[in-house]
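Residue numbers (the UniProt record's numbering), protein chains in the order written: chain D, 1 to 446; chain Z, 1 to 446.
Be aware that a few hints might be false.
Put simply, identical chains are the same to the list, so a pair is met inside one copy or across any two.
Listed below are the simulated DSS-like cross-link pairs for lysine-lysine, each with C-alpha atoms no more than 25 Å apart in a straight line [stated by the list, open to error]:
id: 1; residue 1: Lys30; residue 2: Lys44
id: 2; residue 1: Lys44; residue 2: Lys88
id: 3; residue 1: Lys411; residue 2: Lys266
id: 4; residue 1: Lys344; residue 2: Lys88
id: 5; residue 1: Lys24; residue 2: Lys197
id: 6; residue 1: Lys344; residue 2: Lys197
id: 7; residue 1: Lys378; residue 2: Lys252
id: 8; residue 1: Lys266; residue 2: Lys197
id: 9; residue 1: Lys88; residue 2: Lys30
These aren't lab readings, by the way, just hints derived from the structure by calculation.
2 protein chains.
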Amino acid sequence: MSRRIHLALHPYGVGGPGQHGLWKDPLVAKNASIDVNYYIEQAKAAEHALFDALFVVDSQFINSTYPSHYLNRLEPLTLLSAVATHTKHLGLVGTASSTYNSPFNLARRFASLDHISAGRAGWNVVTSFDTGTSRNYGLDEHLDYTTRYGRALESVQVAQGLWDSYEDDAFPADVERGVFLDPSRLHALDHAGEHFKVAGPLNISRSPQGQPVIFQAGVSEEGRDLAARVAEGIYAPGGTLESAQEYYADIKKRTAAYGRDPEHIKVFIHGGPIVGATDEEARRREREIFEEDNDFASNLALLGRSFGAYDFSVHDLDAPFPDVAHLAEKGGRTGAGKIIERAKAEGLTLRQVAESVNAFRRSPFVGAPETVADTIEKWYDAGTLDGINLAFRNNDDLGRFVDGVVPLLQKRGLFRTEYEADTLRGNLGLPVPENRHTVARRSVND
Amino acid sequence: MSRRIHLALHPYGVGGPGQHGLWKDPLVAKNASIDVNYYIEQAKAAEHALFDALFVVDSQFINSTYPSHYLNRLEPLTLLSAVATHTKHLGLVGTASSTYNSPFNLARRFASLDHISAGRAGWNVVTSFDTGTSRNYGLDEHLDYTTRYGRALESVQVAQGLWDSYEDDAFPADVERGVFLDPSRLHALDHAGEHFKVAGPLNISRSPQGQPVIFQAGVSEEGRDLAARVAEGIYAPGGTLESAQEYYADIKKRTAAYGRDPEHIKVFIHGGPIVGATDEEARRREREIFEEDNDFASNLALLGRSFGAYDFSVHDLDAPFPDVAHLAEKGGRTGAGKIIERAKAEGLTLRQVAESVNAFRRSPFVGAPETVADTIEKWYDAGTLDGINLAFRNNDDLGRFVDGVVPLLQKRGLFRTEYEADTLRGNLGLPVPENRHTVARRSVND
Numbered sequence: 001m002s003r004r005i006h007l008a009l010h011p012y013g014v015g016g017p018g019q020h021g022l023w024k025d026p027l028v029a030k031n032a033s034i035d036v037n038y039y040i041e042q043a044k045a046a047e048h049a050l051f052d053a054l055f056v057v058d059s060q061f062i063n064s065t066y067p068s069h070y071l072n073r074l075e076p077l078t079l080l081s082a083v084a085t086h087t088k089h090l091g092l093v094g095t096a097s098s099t100y101n102s103p104f105n106l107a108r109r110f111a112s113l114d115h116i117s118a119g120r121a122g123w124n125v126v127t128s129f130d131t132g133t134s135r136n137y138g139l140d141e142h143l144d145y146t147t148r149y150g151r152a153l154e155s156v157q158v159a160q161g162l163w164d165s166y167e168d169d170a171f172p173a174d175v176e177r178g179v180f181l182d183p184s185r186l187h188a189l190d191h192a193g194e195h196f197k198v199a200g201p202l203n204i205s206r207s208p209q210g211q212p213v214i215f216q217a218g219v220s221e222e223g224r225d226l227a228a229r230v231a232e233g234i235y236a237p238g239g240t241l242e243s244a245q246e247y248y249a250d251i252k253k254r255t256a257a258y259g260r261d262p263e264h265i266k267v268f269i270h271g272g273p274i275v276g277a278t279d280e281e282a283r284r285r286e287r288e289i290f291e292e293d294n295d296f297a298s299n300l301a302l303l304g305r306s307f308g309a310y311d312f313s314v315h316d317l318d319a320p321f322p323d324v325a326h327l328a329e330k331g332g333r334t335g336a337g338k339i340i341e342r343a344k345a346e347g348l349t350l351r352q353v354a355e356s357v358n359a360f361r362r363s364p365f366v367g368a369p370e371t372v373a374d375t376i377e378k379w380y381d382a383g384t385l386d387g388i389n390l391a392f393r394n395n396d397d398l399g400r401f402v403d404g405v406v407p408l409l410q411k412r413g414l415f416r417t418e419y420e421a422d423t424l425r426g427n428l429g430l431p432v433p434e435n436r437h438t439v440a441r442r443s444v445n446d
Numbered sequence: 001m002s003r004r005i006h007l008a009l010h011p012y013g014v015g016g017p018g019q020h021g022l023w024k025d026p027l028v029a030k031n032a033s034i035d036v037n038y039y040i041e042q043a044k045a046a047e048h049a050l051f052d053a054l055f056v057v058d059s060q061f062i063n064s065t066y067p068s069h070y071l072n073r074l075e076p077l078t079l080l081s082a083v084a085t086h087t088k089h090l091g092l093v094g095t096a097s098s099t100y101n102s103p104f105n106l107a108r109r110f111a112s113l114d115h116i117s118a119g120r121a122g123w124n125v126v127t128s129f130d131t132g133t134s135r136n137y138g139l140d141e142h143l144d145y146t147t148r149y150g151r152a153l154e155s156v157q158v159a160q161g162l163w164d165s166y167e168d169d170a171f172p173a174d175v176e177r178g179v180f181l182d183p184s185r186l187h188a189l190d191h192a193g194e195h196f197k198v199a200g201p202l203n204i205s206r207s208p209q210g211q212p213v214i215f216q217a218g219v220s221e222e223g224r225d226l227a228a229r230v231a232e233g234i235y236a237p238g239g240t241l242e243s244a245q246e247y248y249a250d251i252k253k254r255t256a257a258y259g260r261d262p263e264h265i266k267v268f269i270h271g272g273p274i275v276g277a278t279d280e281e282a283r284r285r286e287r288e289i290f291e292e293d294n295d296f297a298s299n300l301a302l303l304g305r306s307f308g309a310y311d312f313s314v315h316d317l318d319a320p321f322p323d324v325a326h327l328a329e330k331g332g333r334t335g336a337g338k339i340i341e342r343a344k345a346e347g348l349t350l351r352q353v354a355e356s357v358n359a360f361r362r363s364p365f366v367g368a369p370e371t372v373a374d375t376i377e378k379w380y381d382a383g384t385l386d387g388i389n390l391a392f393r394n395n396d397d398l399g400r401f402v403d404g405v406v407p408l409l410q411k412r413g414l415f416r417t418e419y420e421a422d423t424l425r426g427n428l429g430l431p432v433p434e435n436r437h438t439v440a441r442r443s444v445n446d
């Protein structure tokens, strides 16, 4: 295997969790998160730098304490369709919830994006973190963790089944014979599972990459299992080198255990590189950013998000972390459970917990270009990542990485010098899944 | 009032109901219906001709007997987002079913399109004609007619409520005061109705046109009532001059009865103009098209679509029209009821009924440019239309209308010579709805 790192760009807009101060940055337009031209420019910059994909996250619940980018943002599929016609190679990965969408609708929209982009669509499957989302979809209670992950798996399986509705030779469009469709190449799905009944067929054919690429972001037991079963890309948390190694090895092992080639699941860790002319300058920029973002009220709200948008401000800040175990259990959010455990183990007050929630976003990739390239190489060689999902505060930060670090990675043979393909699968080195009905017919004929 | 006709373009792709032969036309690309560039070119041509909007229809159920365009087409919202960034004035009206979508999801996607297009989005609300759609969404039975129309009305009301989540001054983004959002300008909806419970708020702000424009295509009693209540545009069937007059007058009267300005609902009739150098040449082209489309098996399948994709080929073609009343009642499809009535009244065989299903698409606008302009003017003055939803077989047909008829309409003062506005509302002469919360606060302050 050649050593090769994949890079995706995760546009922050005016700032998500842990980037409370980003909207104040004079280099960030105040309407970035709803400005299609912001995304088109980000995508063009990413494509110019030969990145694999644009990665668009999402959520569907807000209240006024939520991060700026969450309050007012474009819906990922409409956004990525608009970006598609302004790019040619860049993958377009959009987040959509399997908890509050029908698989037929999802399958159709991603297939449509895959055609519009000529084979560059990816679906980042999420189960909706915010418990309040349920109330936007007619349910008083958020679906529980097990149900959500069961739905996620079945959603992907249904979507993949629907994406095979037409075999690749379904449309001869033969004027002489008067045959547009060959009906023997059209297949209903007739799925009846635990969560969904979907007859099909889908009303759209396969695109050049056969099927959109499945991404996932699983950390919990259920999340890792889902990823190992169906994901072809993962947005992983990163964390420390050791925790990233553990995660990476675990995912690859689980994937192999499901009979899949572990090379066919690409682990992207979150990375917000901060590049300076010198290590010291980069450290200074890191401190500046930390200052900008270190807003206590926002941190308290961010903490609350892990407990179902709970308002922690009703508690005494300097008393021990309150008993909110009942909020953590609902929906099985593992993050909330971990916060409680740590608060108990270390005897932290509410204030101390709130002050620490932002720390997890700290990037290992800080320094002069040579330092950052060294660190990336070290992490790659340590078996922590196949790719990095890069997030930058502004275009200057993006530029310093692209101009400073990317050429070093290229020189070391760690990053491409030209696109390998026009599809996301092609650039990620993922196989094009053959249509299941074509395979079945061939095996009958053999 | 100045006399002013609005024009929309309804792209046929490779051919929908009644255009069975269109895919064979050498001027139509075999992949038109899934080629984003086909739509971008159609949109650019429409914008060059100063049309009001691109109008994209939709459906979500197929089998192998369905029209070519239905079998394999892009999803409207992703399609229109891609088109948005290649146009500046053209309205972008997309069809989406209120029967098999959540209003939160719909509100969000159309709001996103409205931002991406800077105020040119329209939602054509449909309730899903094909009974088989239900089986793609987990239901064994199609929701009945009354339920579907009840959902449609409530969906629009919920979406409009969600679109007012933010007042126009909700985001001061004031760096000095450190205020991105003014929380007093953010409003949850807390809707609990017969069909939906939706808490809100929506996570996207209003666009330049305040809210996307609501289109509808109601012919039945329920459809007309829905249109009169909430529609700002209608895709009307047209038919004869007399039936169009009846429909137009009825819609305007019903709209006024709901306390709305009848000028604020624009009736577009379907029109597939056929323009030739002479009347005779146009008639010849009309006959050619009829020949191309007159495929008996396709007509039989098209007939079956009105009865839940029923396979009429199991019946004797030359026996009296079979008793399929039980299929017509299911879901209350009025079209099916009318077919049965007529077959009975006129004593038609199945073959005769199948041969006649295509006739309803016959356009009144056939002839030399002067003749077509005269007919349009006559229909306009007779009170049948505010606009025409134009569909053309291919770009030559489109070109003959744009180059031949449009200048005549302009000369007569019936069509614009430049866009009045950059938004769909602006060009249609529809008011921008003021945010309900802004209105409420002002009335409290008065």
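Intra- versus inter-copy proximity for Lys88 and Lys44 (alpha-carbon distance at most 25 Å): Both, since 9 Å and 21 Å are each at most 25 Å.
Lys344 and Lys197: within-copy, between-copy, both or neither at 25 Å Cα: neither (45 Å within a copy, 38 Å between copies)
Intra- versus inter-subunit Cα pairing at 25 Å for Lys24 with Lys197: neither (48 Å within a copy, 36 Å between copies)
With identical chains treated as interchangeable, where does the CA-CA distance between Lys344 and Lys88 reach 25 Å or less: within a copy, between copies, both, or neither? Classified as neither: same-chain Cα gap 51 Å, cross-chain 58 Å, threshold 25 Å.
Under a CA distance limit of 25 Å, which applies to Lys88 and Lys30: within one copy, between copies, both, or neither? between (28 Å within a copy, 22 Å between copies)
How would you classify Lys378 and Lys252 at a CA-CA limit of 25 Å: within, between, both, or neither? Classified as within; 19 Å inside a copy, 72 Å across copies.
Please work out whether the CA atoms of Lys30 and Lys44 approach to 25 Å or closer within one copy, between two copies, in both situations, or in neither? within (20 Å within a copy, 31 Å between copies)
Reference check for the pair Lys266 and Lys197, CA-CA at most 25 Å: within, between, both, or neither? Close neither inside one copy (31 Å) nor across copies (39 Å); limit 25 Å.
When Cα atoms must be at most 25 Å apart, do Lys411 and Lys266 count as within-copy, between-copy, both, or neither? within (22 Å within a copy, 62 Å between copies)
Of the numbered hints given earlier, the model fails hints 4, 5, 6, 8; all others are met.
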